[in-house]
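*Asks:* If you read the protein sequences in the order shown, they are chains A, L and C. To get this note's numbering, take the position in the first sequence, counting from 1, and add 11. To get this note's numbering, take the position in the second sequence, counting from 1, and add 88. To get this note's numbering, take the position in the third sequence, counting from 1, and add 35.
Incorrect hints may appear among the rest.
Stated by the list, open to error - Only pairs whose alpha carbons sit at most 20 Å apart, straight line, appear in this in silico SDA-like list of lysine to any residue: (1) A:Lys37 x C:Glu112; (2) A:Lys218 x A:Arg13; (3) L:Lys660 x L:Ile621; (4) C:Lys231 x A:Lys322; (5) A:Lys318 x L:Asp845; (6) A:Lys16 x A:Ile70; (7) L:Lys213 x L:Lys385; (8) L:Lys385 x L:Glu465; (9) L:Lys347 x L:Asp290; (10) L:Lys660 x L:Gly630; (11) L:Lys222 x L:Asp623; (12) A:Lys152 x L:Lys385; (13) A:Lys322 x L:Asp845; (14) L:Lys171 x L:Lys385; (15) L:Lys213 x A:Pro23; (16) L:Lys188 x A:Glu51; (17) L:Lys145 x C:Lys231; (18) L:Lys213 x A:Met54; (19) A:Lys218 x A:Ala24; (20) L:Lys215 x A:Glu51; (21) A:Lys322 x L:Lys846; (22) A:Lys50 x L:Lys215; (23) A:Lys166 x A:Thr210; (24) L:Lys460 x L:Met505; (25) L:Lys846 x A:Ala249; (26) L:Lys769 x A:Val135; (27) L:Lys614 x L:Ser585; (28) L:Lys213 x C:Glu112; (29) L:Lys512 x C:Lys231.
To be verified - Non-contacting residues of chain A with respect to chain C, defined by C-beta distances greater than 12 Å in every case (computed): (30) Ala25; (31) Gly41; (32) Leu46; (33) Lys66; (34) Glu92; (35) Thr102; (36) Ile113; (37) Asn115; (38) Met116; (39) Gly147; (40) Asp174.
Everything labelled a hint here was simulated from the structure, so no lab data went into it. Here the structure is a predicted model, which is why all the values come from computation and not from measurement. Virtual Cβ for every residue (Gly too), placed ideally from N, Cα, C.
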Amino acid sequence: MRPFKYSNAADPAAAITAISVNADAKFLGGGTNLLDLMKEDVMHPSELVNITRLKYADIEKTSNGILIGGTATNAFTANHERVRKQYPLLTMAILAGASAQIRNMATNAGNLNQRTRCSYFYDVNMPCNKRTPGSGCGALKGLNRNHAIFGWSEKCVAVYPSDMAVALAALDAVVHVEAGNQEKRTIAFADFHRLPGSTPQIDNNLKHGELITSIELPENDFAAHSYYLKVRERSSYAFALVSVAAAMSLDGSRIRDIRIALGGVAHKPWRATAAEKLLVGKEATMANFKVAAAAELKNARPLEHNKYKVKMAGDAIVRALSNAMNGVGYGMNAGLEAGV
Amino acid sequence: MSETGKPISRIDGRLKVTGKATYAAEFNQPNMAYAFPVRATIAKGLIVSIDDAAAKKEPGVLSVISYKNAFRLKPMDMQAQMKAGAAFLGENLLPLQENKVHYLGQFIAVVVAETYEQARTAAYKLKIRYTEEKAATDLKSELPKAKKPKMFMGEEAQVNEGKTAAPLAASAHQVNHSYSTPVEHHHPMEPHATVAVWDSTDKLTLYDATQGVGMTSAIAAYFLGLQSENVRVVAPYVGGGFGSKGLWLHTLLVAIAAKAVGRPVKLALTRQMMQTNVGHRAATIQHVALGADTAGKLGAVRHHTDTYNNLTTFFEPSGKQSLVLYQAPVREVTYNVTTLNRGTPTFMRAPGETPGTFALESAMDEMAYELKMDPVEFRIANHTAKDPMKGHDFSSDSLVDCYRIGAERFGWSARSMEPGQQRKGKYLIGYGMATATYPGGRSAASVKVTMTANGEVTVRTASIDIGTGTYTVLAQTVADALGVPVDRIDVKIGDSSLPAAPLAGGSQTTASIHPAAMEACVLLRKELAALAIADPSSKLNGRRLDEISYADGKLVITGEEKKSDAYADIMKRAKRTEMEACATTQPVSGPGMTVPSALCTPRETPPEQNSDIKQYAFHSFGAQFAEVWVDQDFGTIRVKRFTSVQDVGRIMNEKTARSQIIGGVIFGIGAALMEATEYDKRWGNPVTRTLADYHVPVNLDVPPIDVHFIGKPDPHISPIGARGIGEIGITGVSAAIANAVFNATGKRLRDLPLTPDKLV
Amino acid sequence: MEDQPKFPDLTDAERRALEELLPDEMSEIITSGIKRRHFLKLITYTGTGLLATHLLGIEQLMARSTAVAPLPPTVIENGVNVSFQVNGSAQQLLVDSRMTLLDALRERMDLTGSKKGCDHGQCGACTVIVDGRRVLSCLTLAATCEDKEVTTIEGLADGDKLHPMQAAFIKHDGFQCGYCTPGQICSAVALMSEAKNGEASYVTSNVREAGRPMELSEEEIRERMSGNICRCGAYPNIVDAIREVHGDKAVAQVWQFADGTI
């Protein structure tokens, strides 16, 4: 880690000011990804401002949903009674990620600012346009088994690693940010993260000095039919090969509304809008799920080593939808014994 | 023997659960500085220049050392090194002596600073220019350049080349396939670390994470030009090794750094360095062919391995088990070895057998299907009680019992031969099994036993406990050999100044040091008896030595319980506060490296106590059984339960022994399902760089594991009757799992690890 | 560090060893301080079995450094003053802003029980408990610990009396090399309160059923302990140890304990 100035922000305005005046300064939340990258010398901010003591660590009910604090930890959020009861998809997604220790440290805002785990990004001796613009993409013609099948560019084929954000994408979350002079704005979740295009070094549309104060989840009627499915190379404590956040509301066996988002397949949480469109108003049947999954995956563009992800993602959509249809508590989370 | 075998808890357990067991990097010294090594960023070439101006300006920097200014080590000279016991380096390369780069990640400079943070930051600032040469980075494309090595560690490497072609062709049933295994890394939880303290210009102490204190001392002394008794290597606790903790460049590097700055220096490797600098198991491509007759008898076994080496002659000997298992009249084991520019391949838990049993035991399963025979019965039908190459009897032979007991405990009879028959919901369920084997090694070793008049006993030997239980089982053996309780016995190991013992490798520690410990106790008892016999006030006065036995801290006339004399009383009357005995024992035959044992008088184990007079073949055997559940859509595999039945001779401590086997099986689950280091052939860099990419099993990956020991003492390996147990647990595991996956899905996977992408 | 006039000539490490290892009656023998050479002699000749089993530990402590001298402030860059509690005692440190809590414990405070396994949050060996929650000290800057309460493996036992989780790990052989062990135990101790709070995991069958204390199945324990890697492969034994402390009376060992040894 290179030397940096450290301070503890007394209030949000002070934190924002400190960051705004220094282009190399960063907010410090749980540090679980930032310190990791600083030790790798991938990131070397000259200043860190600790924001974990700011008053954005709670979860509040609003007239139209809930506001989840930006500095609340992932563990606190996942286990908050209101989240568990009303937004079990978010709870399941958070609990699918990392380890208990990391979830106790990582903040919600930090989760959205996570950077890719692409090995070429992490290795400062390798080319990577995200880390060093113009140096090339090591993964494009390299080992890209874990990389994107949607939305990638010649500049970058990395995937975004968060599980939590996949659920937030499905739940149409809104990101609340604050900038200098107490300026506030909101960013729809779909507009928060970016595809790599020609500027893969920019992960998301947050501007320097903007602080994520909270994440808003609008009310929904998906609580009874939600499922977060994660496929990985070992059974826990590993990033997703493919993940699916699925939630639906049902009128009898008819799908009233539905949300599907994929993780591990693109530079941002991948909202499966093609599949959603095909399913709204249709019967919740395996046959319909399969048709919708196939429609979504039709546009996949796999790389040399990740063709398996296309089939896996399709099957994962079907499985997640079927488990969601059967109700929370049904599915792989119940362990092997259930066999479903 | 009342203590030996008992499942007592580890005597070092309390220190380990309270955080007080001290590992190499924890020997902080006054005025200590920190070193951070700099790694080459090319796979092959020459360093043209090193610009250290910026690094030197960094706060706290004490020194930047490279080939330009490093202390000159004595050059490599295999003959002289052999004589000095200093031949066994991880890689035949010395740090910072020349500008040549042999692999990406090689240590080419080191920064020493006041703090760890400062050393690391300054290390980023070195500017190094290279002339790059074309590196060999890919096994398959380099195979045309491969050579056929004549020898592997003193044994013929190419056995019966070409001799199986005719019998295979004539066989009624043939199986002929290629199996591949990836690069695997040891990744012990404790990263390699060394603290170097120069006590004077010719005296050095190294606190080192090593599997062999004697070996490290000899090598460091040789290259630094010191007397080996002046290099003390201390390693009371070592956080796992699995073959990786031999001597690598960093140990010499830190000694150079400490010399340069005139202060104690600590160097702990990062996890990323563990992927490039401390060895790995090389990838293999194995071609196995089996021929069998219509009755299911094997007629020929052929096992060819393509692999690579770098900077040593070591290569992965994956044909080993194919020279030992099964009755087949003709067998052929051959190797093609090329050289790659990547960190040096080395010993890793069951070197050879781990990838080798994957290939052979998968092929055996394929042949069982070909023959429509039960895989257990097929193996039993081809069992051999003799070493097929040497013709010697195995020193103990319970493999058939392992199969039978394992099948019974596992419930093998519920298996359906036809694949894909058993399912639960989305899961396809399958059973698979394989044979486990590993050689039983024993080396010379010396042990000193000291007793005080207060009845405290201390056992000293330069052995190591890398988690294997050496402390505990040694106390148990000495407790029995002296008739004193375990809690009066203090075990001192992990220090090169103690009597010599072999390194903790090759599953030989127990078989080597316990006979010496026992012999030292015999000597001590004899000396006590001599005092008593000569002492008019002893009840043993004037009796013959052969009449005297011992129990409960006393010498006793056999059959006359009341005629006894306590050790403490004998010593007090003789005005002795402390007595000691030291013994060196070595195997009469069988394998084993000889260790110089200058500190103790060598004593041949008396022939009547060691029936290893004629030649035996020393091998442990076992049977592994796995049940897997395969997700039909995603190809994710979970091992649902596992049974391991092992014949490893006498069990010294049932609790620690069981843990060793469980640990081996879990290592095997990792090799089967997830472990692989992948390299980008354009640059030769590992793309799996850390524990985030190099997956090892986590708790949720591991099912209940049922372990059963045959437990019959091996009457030939030593009077103790125990063979090693650290490595056999991993052997056969990946084949048992792959065979179970075939049984579940009908898909035969011949390329490890069995990641989901291969089943989708 | 704290002043203890009792054994003025001993280093902190030695004094702690002595205090932990000597039963009360032994302490009485030592009336007015103890010299270093007496200490060595004492531990060599004392006849208690308890001490015999611990000699090794003492010897090691003796071989180590004396208390770590404070760094000259000149070598500390971007210094941050931190006041926090470690294992119940107040600590004040001036740290380089880059220094992690793990390095502060290991390099500055002589608390080497917390281990550095990967330094990147990928193995769990550095797990400590901060304000009641298990966290990774390798990804925690020491500077952020102002006012926090840190519990490390060294702080779990009550004097000579091991924490039940420590005792269960010994009994069930929940370790081999011992390097991941402090992290495993800290993690397991914190897990007990997470279960009591009714917190869910990825394998919890219905996360909507919130709030009541949970009885952890083996699968639940395995998932919740998956952030602590053990390369020796003690996982099944770790699960048994945790089940026992969690109150599962059914945890049987496969061995008979004829001698009552744990």
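*Asks:* Any hints this thing doesn't respect? Which numbers, in order?
*Replies:* 2, 4, 6, 7, 11, 12, 14, 15, 16, 17, 27, 29, 31, 32, 34, 35, 36, 37, 38, 40
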